[in-house]
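What follows is the residue order along each chain.
Number of protein chains: 2
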Amino acid sequence: MKKLINAPEAVLADALRGIEAAHRELRVDHENRVILRATPKDHGTVALVSGGGSGHEPLHGGFVGFGMLDAACAGEVFTSPTPDQMQAATAAVDRGAGVLHIVKNYTGDIMNFEMAAELAAAESSIEVRTVIVADDVAVQDSLYTAGRRGVGLTVLMEKILGAAAEQGYDLDALVALADRVNAGGRSMGMALTSCTVPSAGAPTFDLPEDEMEIGIGIHGEPGRHRVPLGSAAEIAQQLLDPILADRDYAGAPVIVMLNGMGGTPLIELYLMFGEVAALLEKHGITVARSLVGDYITSLDMAGCSVTLLHADDEMLSLWDAPVETPGLRWGR
Amino acid sequence: MKKLINAPEAVLADALRGIEAAHRELRVDHENRVILRATPKDHGTVALVSGGGSGHEPLHGGFVGFGMLDAACAGEVFTSPTPDQMQAATAAVDRGAGVLHIVKNYTGDIMNFEMAAELAAAESSIEVRTVIVADDVAVQDSLYTAGRRGVGLTVLMEKILGAAAEQGYDLDALVALADRVNAGGRSMGMALTSCTVPSAGAPTFDLPEDEMEIGIGIHGEPGRHRVPLGSAAEIAQQLLDPILADRDYAGAPVIVMLNGMGGTPLIELYLMFGEVAALLEKHGITVARSLVGDYITSLDMAGCSVTLLHADDEMLSLWDAPVETPGLRWGR
Numbered sequence: 001m002k003k004l005i006n007a008p009e010a011v012l013a014d015a016l017r018g019i020e021a022a023h024r025e026l027r028v029d030h031e032n033r034v035i036l037r038a039t040p041k042d043h044g045t046v047a048l049v050s051g052g053g054s055g056h057e058p059l060h061g062g063f064v065g066f067g068m069l070d071a072a073c074a075g076e077v078f079t080s081p082t083p084d085q086m087q088a089a090t091a092a093v094d095r096g097a098g099v100l101h102i103v104k105n106y107t108g109d110i111m112n113f114e115m116a117a118e119l120a121a122a123e124s125s126i127e128v129r130t131v132i133v134a135d136d137v138a139v140q141d142s143l144y145t146a147g148r149r150g151v152g153l154t155v156l157m158e159k160i161l162g163a164a165a166e167q168g169y170d171l172d173a174l175v176a177l178a179d180r181v182n183a184g185g186r187s188m189g190m191a192l193t194s195c196t197v198p199s200a201g202a203p204t205f206d207l208p209e210d211e212m213e214i215g216i217g218i219h220g221e222p223g224r225h226r227v228p229l230g231s232a233a234e235i236a237q238q239l240l241d242p243i244l245a246d247r248d249y250a251g252a253p254v255i256v257m258l259n260g261m262g263g264t265p266l267i268e269l270y271l272m273f274g275e276v277a278a279l280l281e282k283h284g285i286t287v288a289r290s291l292v293g294d295y296i297t298s299l300d301m302a303g304c305s306v307t308l309l310h311a312d313d314e315m316l317s318l319w320d321a322p323v324e325t326p327g328l329r330w331g332r
Numbered sequence: 001m002k003k004l005i006n007a008p009e010a011v012l013a014d015a016l017r018g019i020e021a022a023h024r025e026l027r028v029d030h031e032n033r034v035i036l037r038a039t040p041k042d043h044g045t046v047a048l049v050s051g052g053g054s055g056h057e058p059l060h061g062g063f064v065g066f067g068m069l070d071a072a073c074a075g076e077v078f079t080s081p082t083p084d085q086m087q088a089a090t091a092a093v094d095r096g097a098g099v100l101h102i103v104k105n106y107t108g109d110i111m112n113f114e115m116a117a118e119l120a121a122a123e124s125s126i127e128v129r130t131v132i133v134a135d136d137v138a139v140q141d142s143l144y145t146a147g148r149r150g151v152g153l154t155v156l157m158e159k160i161l162g163a164a165a166e167q168g169y170d171l172d173a174l175v176a177l178a179d180r181v182n183a184g185g186r187s188m189g190m191a192l193t194s195c196t197v198p199s200a201g202a203p204t205f206d207l208p209e210d211e212m213e214i215g216i217g218i219h220g221e222p223g224r225h226r227v228p229l230g231s232a233a234e235i236a237q238q239l240l241d242p243i244l245a246d247r248d249y250a251g252a253p254v255i256v257m258l259n260g261m262g263g264t265p266l267i268e269l270y271l272m273f274g275e276v277a278a279l280l281e282k283h284g285i286t287v288a289r290s291l292v293g294d295y296i297t298s299l300d301m302a303g304c305s306v307t308l309l310h311a312d313d314e315m316l317s318l319w320d321a322p323v324e325t326p327g328l329r330w331g332r
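If you read the protein sequences in the order shown, they are chains A and B. Its first residue numbered 1, the first sequence is counted upward by one per residue in full-length UniProt numbering. Its first residue numbered 1, the second sequence is counted upward by one per residue in full-length UniProt numbering.
Next up, chain A with everything else stripped away, as it sits in the complex:
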C-alpha cells in the first residue's frame, strides 16, 4: 500500500492536524473529532451539522464555513462517527434556533445521528431535525443501506441549505427545502479502480484492467454491473441513462456536478463533463450551474460520478449565494 501516511491507525488524527494548520478560519476539536467554524454564526439562526466516515474529502469537513456547515463530525475512514461526536458538535454550534443534521443514507450514520439528536434534546434541550440524503439511483438497497445510498447530492444539499440557514430560514423551512432538493436530485457513479482503505492495506476489490464498474458506491460497494472499459462518451451515457430513466429532467434547469472519486486527474474530469454536457443538451436539459472536481471522494479510487439537481429559482439563488469553505468558495 502506497500512501502519504504515518500509520493506518493515525490517519484521521494526523489529517485533522493538517486541516487545522491549513485553515485558520476553522477550529478542530481533536478530542471529539469535530471540525467547526472558528467564528460561530449569529445567534438566532439554525446551525447545520453533518458528518460521516472519513475518506470522502473535502466532504464534510471541507464544507464547514460561512454559507455551508457549522460543524462536521469525522469518523474513521469509511466508518460512522459516534453519537458522542455528533452530540458534541450539536451542542457546540447551537445558536438558540435549533440544529439541522444532514445525514447520508447509511445505516450506521442514521442510527448514530438519531441517537445524538435524542441526547441533544434530552441533555441540552436543543431542537434537532434531520435531513436524509438518498440520491444514488444505482441500487435500491445496498451493503450499508436500506434504500438508496446518499452520495453526490449531499454536496449540493449542504450548499443550498447552508445558504438558506445563513439567510435566516427556520428549521421547518429548511426541512421543506431539503425535501425539494431530495425530490429533484439524482446521482450515479462509476469506478475504474478500487480504493485502498489504509487499515485494510489492500484494494477493496479487484477490477480487471479491461473492466469498469458502473453504479459503484463511495466506499467501493458493488454497483449495478461490471462492463468492458468504455470511452468517456459511453461512460457518460451509462451514468446519465439510469438517472434520466428514474426522473424526467427534460426542459428543467439543472445544477450538474461532475465529481471525481479521488484518484482521477482534473483533465479527465473536464473531458467527462464535456461528454455529459453534450448529452444533456441532446436531451433538451438546460445546465444552469455546474461544478467539476473532487467534492465527494472515495480515497484513491479512480472514477467519477454525475449528480443532477432540478433547481427552481429559489435553489439557484441559494446556490449562487456567497460561500467560504475550503472546498467551495465564491461570491463574497
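Read the hints as simulated data drawn from the structure, not as lab findings. Bear in mind that the values here come from a model prediction, so they are computed numbers and not experimental data. A hint or two may mislead.
Identical chains blur together in the list; that is why a pair holds if it fits in one copy or across any two.
[Unchecked claim] Lysine to aspartate or glutamate pairs mimicking EDC-like chemistry, simulated, CA-CA at most 16 Å apart:
1) Lys2 - Glu234
2) Lys2 - Asp313
3) Lys41 - Glu25
4) Lys41 - Glu324
5) Lys282 - Glu234
6) Lys41 - Asp170
7) Lys2 - Asp210
Guided by the hints, dock chain B onto chain A, whose structure is given.
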C-alpha cells in the same frame, strides 16, 4: 491504461470542450487551443499569458480569470504549445500596455515563447516581457531543462503577478516583482507512483511497491534518488531539507503550498501538510498563508510537492487580493 477518455489523440480537444462547458466566465479558442477570459480586462493594463504542456491541470487554464491570467496556451500532454498558439494568445489579450509571458523553465517552452514574443513584436507591435520560473531544488539540470525546472512556484507567481497586473503595475514593475518571487521561492516534489501519458498507454517509469522517488519532476522526469517508502513525517523532512539547505527561511513569513500530483486524495494532502507545518514551526519559520490541494499536477501520479515562498508585505497583500478563476478563488 484506465482513463476517462475517448481516444489518446483526442484528450486535449475533448478536455477543452469540457472546460468551456463548465466555465461560462471563460472562452476557448479551439483552433489555437487558448483559454481566455470571456470578459477581457480593462484597456491600459498589462495582460498575462502562460501555458505549457497539458496534464498539469488546473495549471494553466484553470488559472485564467480575474486576478490571475488573461490567457493560457494548452499544448498536447507534456508537450510545449507552439509559437503560433502563444502569438494568438498574446495578440488576443493585449490591452495596449504590453503582455507578460510567464514561462516554466523547460527548453521547449522557453524557445517557443521566445519566438512568439518576437512574432508579436514584429507583426503586432506588442511589447512582450518574459518571466521564467525555475524553482525546483531537486536537480540543477534535467532531462528537459538547462537549470532548474519550473514547478509549484508557477502557481504562486501567476497569483501574485495577476493581482499586481490587475492593480495597474506596468511591465517593468511586474518583471521586478517576478524577480523577487523567483528569489524567494523553492519547491521539491516526490512520487509514490508513475503517471501514464495517454498516448504512451503505459506508466512512464516503474517504481517498486516499497520505493518512492524524491525530487521527481512534473512529467515523471527522474529526481534525486529512489528510497524506501517512508512515513509522511519522513517524506516531509525529505522534501523540506533540500529546500532549507538551498535557502534560509528562518524567521521569514512564508506562503506554503502543499500540492497534490493528481492521483493523491485530499485526506493524504492534509496529513502531509500537518507534517510540513510542524517541521516549519520547528525551524522557526512562520506560515503566513497556505494552500493545500491539486494545483500543478502530473496526470494521475500519486505524490506531492512542497513550495515555499518568502513573502514580503507587498506579496502577501497581492496574495490576499481577490481572485476568480476555476482553480483559485477568493475574496470578492
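Right, here's what the structure says about each hint:
no.	hint	verdict
1	Lys2 - Glu234	between (31 Å within a copy, 14 Å between copies)
2	Lys2 - Asp313	neither (46 Å within a copy, 40 Å between copies)
3	Lys41 - Glu25	within (12 Å within a copy, 31 Å between copies)
4	Lys41 - Glu324	within (13 Å within a copy, 25 Å between copies)
5	Lys282 - Glu234	within (14 Å within a copy, 52 Å between copies)
6	Lys41 - Asp170	within (14 Å within a copy, 42 Å between copies)
7	Lys2 - Asp210	between (23 Å within a copy, 8 Å between copies)
Of the numbered hints stated above, the single one contradicted by the structure is hint 2.
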